[in-house]
Amino acid sequence: MNNIFSGLNLGLRALETQRKSLDVTGHNIANANNEDYNKQRAIHKASYPYTAPGLSNHGGAGQFGTGVEIEQVERVKDQFINSQIFKENQTSAYWDEMQRGLEKVEYIYNEPSDSGIDTAVNQFWNSLQDLSNNPSDNAARNMVRENAYNLIDSFQSVENQLIGYKESINDNLANAVTDINQISTKIADLNKQIVSVKGSGQNPNDLLDQRDALFKEMNQMINVQSRQDAQGNLIVSTNGLQLVNGADAYNLEIEPGEPGQFNDKIIHSRTNTEVKPTNGKVAAWQQMRDEKLDFYSGRLNKLATTMVKEFNTQHKAGYDANGVDGENFFKPIDENSTESAISQLDLTAAIKDLDTGLDKVAAGNKNIDSFVEIDTLGNDLSGNYQVEVKDGAAADEFELKISDSDGNQVYPATSGTTVTVNAGDPVNLKVDGSGNITADTDLATDAPGDFTLTFTDTGKKNISLNKSIGNGENANALGNIFNSSEVIEGTSLEGYFRTIVTSVGAESSRAGKMKNNQDAVLKQLDTLDRSVSGVSLDEEMAKLIKYQQSYNAAAKYINKTEELLDSLMTIV
Amino acid sequence: MRVTNSMMVRNMLDHLKNNMGDLNDLNEQLSSGKLFQMPSDAPIKVSDSMNYKSQLNRNSQFQRNLNQAENWLNTSESALKSGTEVIQRARELTIYAANDSMTPDDRKTVAKEMKQLRDELIDISNAKLGDSYIFSGQNTEEKPFEVVEGGIDNYVKYQGDTNTVSRRLNENVEMDVNLNGKEVFKDEIENLNKIYNQLEDASVKGEDIGNNLSEMDESINKYAELRSEVGGKLQRTGNIIDRLNANEVHLRSLKSKNENADLAEVITELKMEETVYRASLASGSRIMQQSLVDFIR
Numbered sequence: 001m002n003n004i005f006s007g008l009n010l011g012l013r014a015l016e017t018q019r020k021s022l023d024v025t026g027h028n029i030a031n032a033n034n035e036d037y038n039k040q041r042a043i044h045k046a047s048y049p050y051t052a053p054g055l056s057n058h059g060g061a062g063q064f065g066t067g068v069e070i071e072q073v074e075r076v077k078d079q080f081i082n083s084q085i086f087k088e089n090q091t092s093a094y095w096d097e098m099q100r101g102l103e104k105v106e107y108i109y110n111e112p113s114d115s116g117i118d119t120a121v122n123q124f125w126n127s128l129q130d131l132s133n134n135p136s137d138n139a140a141r142n143m144v145r146e147n148a149y150n151l152i153d154s155f156q157s158v159e160n161q162l163i164g165y166k167e168s169i170n171d172n173l174a175n176a177v178t179d180i181n182q183i184s185t186k187i188a189d190l191n192k193q194i195v196s197v198k199g200s201g202q203n204p205n206d207l208l209d210q211r212d213a214l215f216k217e218m219n220q221m222i223n224v225q226s227r228q229d230a231q232g233n234l235i236v237s238t239n240g241l242q243l244v245n246g247a248d249a250y251n252l253e254i255e256p257g258e259p260g261q262f263n264d265k266i267i268h269s270r271t272n273t274e275v276k277p278t279n280g281k282v283a284a285w286q287q288m289r290d291e292k293l294d295f296y297s298g299r300l301n302k303l304a305t306t307m308v309k310e311f312n313t314q315h316k317a318g319y320d321a322n323g324v325d326g327e328n329f330f331k332p333i334d335e336n337s338t339e340s341a342i343s344q345l346d347l348t349a350a351i352k353d354l355d356t357g358l359d360k361v362a363a364g365n366k367n368i369d370s371f372v373e374i375d376t377l378g379n380d381l382s383g384n385y386q387v388e389v390k391d392g393a394a395a396d397e398f399e400l401k402i403s404d405s406d407g408n409q410v411y412p413a414t415s416g417t418t419v420t421v422n423a424g425d426p427v428n429l430k431v432d433g434s435g436n437i438t439a440d441t442d443l444a445t446d447a448p449g450d451f452t453l454t455f456t457d458t459g460k461k462n463i464s465l466n467k468s469i470g471n472g473e474n475a476n477a478l479g480n481i482f483n484s485s486e487v488i489e490g491t492s493l494e495g496y497f498r499t500i501v502t503s504v505g506a507e508s509s510r511a512g513k514m515k516n517n518q519d520a521v522l523k524q525l526d527t528l529d530r531s532v533s534g535v536s537l538d539e540e541m542a543k544l545i546k547y548q549q550s551y552n553a554a555a556k557y558i559n560k561t562e563e564l565l566d567s568l569m570t571i572v
Numbered sequence: 001m002r003v004t005n006s007m008m009v010r011n012m013l014d015h016l017k018n019n020m021g022d023l024n025d026l027n028e029q030l031s032s033g034k035l036f037q038m039p040s041d042a043p044i045k046v047s048d049s050m051n052y053k054s055q056l057n058r059n060s061q062f063q064r065n066l067n068q069a070e071n072w073l074n075t076s077e078s079a080l081k082s083g084t085e086v087i088q089r090a091r092e093l094t095i096y097a098a099n100d101s102m103t104p105d106d107r108k109t110v111a112k113e114m115k116q117l118r119d120e121l122i123d124i125s126n127a128k129l130g131d132s133y134i135f136s137g138q139n140t141e142e143k144p145f146e147v148v149e150g151g152i153d154n155y156v157k158y159q160g161d162t163n164t165v166s167r168r169l170n171e172n173v174e175m176d177v178n179l180n181g182k183e184v185f186k187d188e189i190e191n192l193n194k195i196y197n198q199l200e201d202a203s204v205k206g207e208d209i210g211n212n213l214s215e216m217d218e219s220i221n222k223y224a225e226l227r228s229e230v231g232g233k234l235q236r237t238g239n240i241i242d243r244l245n246a247n248e249v250h251l252r253s254l255k256s257k258n259e260n261a262d263l264a265e266v267i268t269e270l271k272m273e274e275t276v277y278r279a280s281l282a283s284g285s286r287i288m289q290q291s292l293v294d295f296i297r
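From first to last, the protein sequence lines stand for chains A and B. Numbering follows our numbering, in which position 331 of the first sequence is assigned residue number 331; successive positions increment by one, without gaps. Numbering follows our numbering, in which position 136 of the second sequence is assigned residue number 136; successive positions increment by one, without gaps.
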């Protein structure tokens, strides 16, 4: 019945409601600097009204209000923005780690600098040029060998650092898995509490904040999807593999890869399937480890392999300080070996030899001129001759004659005659102890005195079958392999290395830009989120006053009701 | 849009961070003098710079090669000059000795000087640059001539080879820097030896001695030609050095344009950024000081 005492009840309810609202405001103010906190709001609702009883409501006007109560304490949150933040956090963390990783690769390549591979190549080239100028100088030979060591060191240093980085990423994945498992467990715990609070008809606002914060952290680690079931459980999965289902968390595990390969796998323990993240930090690390680093060290290895091959081929075309044909300079690279090309980089034992190694550097070149190529097959060759090549009758035929250095014809033996040779075909010849040249008809092509001449054009040239120490032409040719074009993927060795550096730079630069873009997107979303859910102190202060005033007014109302009662009592 | 305190603080911090980042970039440019530190700062420019660096390195190596080539040519030139003088003196002596009024004893006196001239010519042919005999072809460790009196090579035997010694002077420029000792000195030494023997031989007539003059004239002409050939090569090396120097200046300026920061510009930008940074600090401190709390008591 609506009577004088119901006024007291109404006043009391008002007092309680305002005070509780003040509590919520206080909670907001207290959490103003909590990054994960979402503003809460006490929603006031008029309490159930009083209707005067009667068969047809003869009690007069109605209904009478009974005051106010708090319907619920609401968490102010835009779920749409929130889910976007989760998603963008994955991408943001991915590019963040990618950029950091590629920057590290840039540091490892250490270009542009005065101590990288580029500089080592330049120095090696310089020493080859110096050797070409002074082929008989042992100091120049020594510089070639030292600079070759230096070049090998600089290649190996880069590769070792790349491998070291790969190893550290591999180790890091185990930590990441531990982190993810901890987060899953915490989310599962929170699920349990949230469901029980919800069951009692209340809002578990602060628990939800905590769970959101954890889920955001999870998003940074790995790409995850989530949905909430009717009870309020957050069900989390990655690529269809459940990590959290209700109060249960399913762990990820590390399955060690082959030793030394640094290719540990992440396994979903419950289903025993491999997890292949596509976003988040873990995806960036795995890509860095399995693709990028292999790509960059692969290109470097290709460079080293080509360099060794080209250098050795040219080195073998020359002869050493003792007039002996050049052997390999670098140890040939076994491309079928499990060892990388760069780790195989070394000089041959013959070149490394402290006593005789320097003499083995093949600075001299047997190929005298562009139009004639001499290949000495046997060893006992000497003598100076003049070759003369004229056009023959057919297009690819030449007429050849060879004279000794005094101008007397020695081949063919009859003065004034010539021999017809085919362009590009080696002419097999033989020189004897008294300097006579005859056609070499026996099948043994490397008997003493055997040599071949190959002609590609007409001309007249002094040739020497002596292998003189003053010839530095092969050293010059060895230097040329670094910048002659069309050696590797249509470019020079130097150019190829520059391409590697540029591509790391470009990729790193792109990752940096993506990271900045992503930061901007996240910042925008965070701003939107804070705009909706953040605590504004001004607002809370205003509310503080608002609720205080209402509280005072309600107290005044009780006070007045009491006065009414007083005056009623005095009548009695 | 509703603006909350944490938003403002976060925004302010973000802006401060960005401004600090810009300041840091400019400071790096200023202290290093370079526009970029890493390939990702400017991938193409880094590649260009590496290319310029490599070209400059080659350029300076070519300059070293050129200096050596010039030394070689200069040494050849002075050997030819001395050789010409020797042959001219020998020619004078030959004219003097060819006179029929000379007695065999007089000729023997002349022969002594002729012998000295012959040996001097051999000495000249032994010219060395560093450890290399420059007239031995590629056989640079051997003296060009060995004395083999009376053998099939008559007086001296050429021990060098006929190969050319070349130097790489620029991209795609190679030059043969040596003269073949056999072509330059062999006939001349043999000729002086022949005259010396004729002078020693009392039965040889003045007329026969005089017959050697034409060969000596030929030699003098040949030396003049060779000197002009060497002179031409020196001229060419001089031109190449000029070209290399010009190219070096050009490459340096390209490299500098490519990678060096314009200090005036950087300093100006730095000042501007500093002002912006100060302003953001000032506005931040002002915003954060005020809230409704200050006005409620």
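The hints are simulated quantities; they were obtained by calculation from the structure and are not laboratory data. One should not assume that every hint holds.
[As the list claims (entries may be wrong)] Pairwise CB distance ranges (calculated):
1) B:Asn18 - A:Gln228: 30 to 40 Å
2) B:Glu190 - A:Lys461: 18 to 28 Å
3) A:Asp406 - B:Ile220: 22 to 32 Å
4) B:Thr103 - A:Pro448: 54 to 64 Å
[What the hints assert, rightly or not] With the C-beta cut set under 7 Å, the calculated list includes, among others, these residues of chain A facing chain B:
5) Gln129
6) Gln156
7) Asn476
Every value quoted in this text rests on a predicted model; they were computed, and no experiment measured them. Every residue, glycine too, gets a C-beta built ideally from N, C-alpha and C.
Each hint, compared with the structure:
1. Checking the proposed 30 to 40 Å range against B:Asn18 and A:Gln228 shows it holds: the Cβ atoms sit about 37 Å from each other.
2. Here the CB-CB span from B:Glu190 to A:Lys461 is close to 26 Å, well matched to the stated 18 to 28 Å.
3. Between A:Asp406 and B:Ile220 the beta carbon distance is about 23 Å. The supplied range of 22 to 32 Å therefore holds.
4. A hinted range of 54 to 64 Å holds for the C-beta pair B:Thr103 and A:Pro448, which are about 58 Å apart.
5. At about 5 Å, the closest approach between the beta carbon of A:Gln129 and any beta carbon in chain B falls short of 7 Å, and the interface hint on this residue holds.
6. Hint on A:Gln156 is violated. Least Cβ distance to chain B is approximately 20 Å, over the 7 Å limit.
7. Given the 7 Å rule on beta carbons, the hint for A:Asn476 holds: about 5 Å separates it from the nearest Cβ of chain B.
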